[in-house]
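*Asks:* Given only the sequences and the hints, what does the whole structure look like? Please build it.
Here numbering that gives the first Met the number 0 is used: the first residue of the sequence shown is 0, the next is one more, and so on.
Do not take every clue at face value.
As the list claims (entries may be wrong) - The list that follows gives simulated cross-link-like pairs (lysine-lysine, BS3-like), each with its CA atoms no further than 27 Å apart:
no., residue 1, residue 2
1, Lys122, Lys166
2, Lys87, Lys122
3, Lys73, Lys303
4, Lys87, Lys258
5, Lys73, Lys87
6, Lys258, Lys303
7, Lys63, Lys258
8, Lys73, Lys63
Calculated from the structure, these hints are not laboratory results.
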Amino acid sequence: MWQLVEQLGDAKEEVRQAVYEEVKGARCWRKAVALLKRWELTDVKSDFLLECATLELLMSKGLKSDAWEYVGEKEELVRVMEETYQVKRPQGSTTSEVKSEETLSLPGSVDIVWVDTLNELGKCRRFLEAMGAGEILGIDTEWRYPRPCSLVQLAIQDTVYLLDCVKAEEDLEFGSSLGNLLGWIFSRECQLRRVGFAFTGDVENLQAAFPTLREMEVCVEDCQELASRSLGEQEEAEAAGWTPLTLSLSSLCRRIWGKRLDKSEQCSNWDRRPLRSSQTIYAALDAHVLLGIHRHFQHLILEKKRADERE
Numbered sequence: 000m001w002q003l004v005e006q007l008g009d010a011k012e013e014v015r016q017a018v019y020e021e022v023k024g025a026r027c028w029r030k031a032v033a034l035l036k037r038w039e040l041t042d043v044k045s046d047f048l049l050e051c052a053t054l055e056l057l058m059s060k061g062l063k064s065d066a067w068e069y070v071g072e073k074e075e076l077v078r079v080m081e082e083t084y085q086v087k088r089p090q091g092s093t094t095s096e097v098k099s100e101e102t103l104s105l106p107g108s109v110d111i112v113w114v115d116t117l118n119e120l121g122k123c124r125r126f127l128e129a130m131g132a133g134e135i136l137g138i139d140t141e142w143r144y145p146r147p148c149s150l151v152q153l154a155i156q157d158t159v160y161l162l163d164c165v166k167a168e169e170d171l172e173f174g175s176s177l178g179n180l181l182g183w184i185f186s187r188e189c190q191l192r193r194v195g196f197a198f199t200g201d202v203e204n205l206q207a208a209f210p211t212l213r214e215m216e217v218c219v220e221d222c223q224e225l226a227s228r229s230l231g232e233q234e235e236a237e238a239a240g241w242t243p244l245t246l247s248l249s250s251l252c253r254r255i256w257g258k259r260l261d262k263s264e265q266c267s268n269w270d271r272r273p274l275r276s277s278q279t280i281y282a283a284l285d286a287h288v289l290l291g292i293h294r295h296f297q298h299l300i301l302e303k304k305r306a307d308e309r310e
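*Replies:* What follows is the structure, given as structure tokens:
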């Protein structure tokens, strides 16, 4: 991590130490990246620097397999792992065949809808309003520093809406309407069951991008916390190796479906328009898996409750 703070140039020592302590204390690597991106320090702009900081966080916690998941097929990050940390990629993990077997794919039945016009935004809202109370809505965001939010993903049933926040900055009318839609989603008026994952950073980014949300109490069920509860007492979870840090989205997918998420697009350029097909699929899948994760752990919690009542 000190490779990162040294890039802050002539920043005061206490500022550099604050950056280090804040990131080191993050509960998960995604949150750490969010923290790094929000620092108003002009020298911290390189995606590669952020990627290296993420790797350093993972390796410092002993999460070597998660680090390799994060590296994906990026050759420059492979070199960092091999040269800086003196570790080799697990045998066979670079082949496309193994990668296909190990990673989740978006079901073919899922419809991805790109939303960057008022017409598409209206269709999205009408679709959501037509859903019954309690229907699960998976929410995720993607961003690229210094923009706080580049994309919002909304997954419901077999549809994932990708809301273009870059367009929202360029088109004030569209941006206002998008802010209104998000305001409705997070309001008490909306009866959908909103779920996210390690969502604190997403909330802060959304509030930075859409000032009208700052006055609201954004309530979202966090699948990371739900998973922690379903695993029983903290001592049992830690004995099984399931600490809050290791409860990554990818590790939960592996636990439930036996396949991990391909995170190679995590730090890609989310301001790019149009997005690459691989980015679009990655973004849609990140939101869509929340639906299955939420159902899975809600079922486990319910079964445990029933078992306790029978005793």
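*Asks:* None of the hints should be skipped; say for each whether it holds.
*Replies:* Do the hints match the structure? See the list:
Simply put, Lys122 and Lys166 have alpha-carbon atoms about 17 Å apart, close enough for the 27 Å limit, and the pair holds. The straight-line distance between the Cα atoms of Lys87 and Lys122 is roughly 49 Å, outside the 27 Å bound, and the hint therefore fails. Only pairs whose Cα atoms come within 27 Å are accepted, and Lys73 paired with Lys303 is rejected, the gap being roughly 42 Å. With a C-alpha separation of about 21 Å, the suggested pair Lys87 and Lys258 falls inside the 27 Å cut-off, and the hint holds.
Restraint check: the Cα-Cα separation between Lys73 and Lys87 comes to about 14 Å, which is no more than 27 Å; the hinted pair holds. Among the hinted pairs, Lys258 with Lys303 is consistent with the structure: their alpha-carbon atoms are about 25 Å apart, no more than 27 Å. Simply put, Lys63 and Lys258 have alpha-carbon atoms about 17 Å apart, close enough for the 27 Å limit, and the pair holds. For the given pair, Lys73 sits about 16 Å from Lys63 by alpha-carbon distance, which is consistent with the 27 Å threshold.
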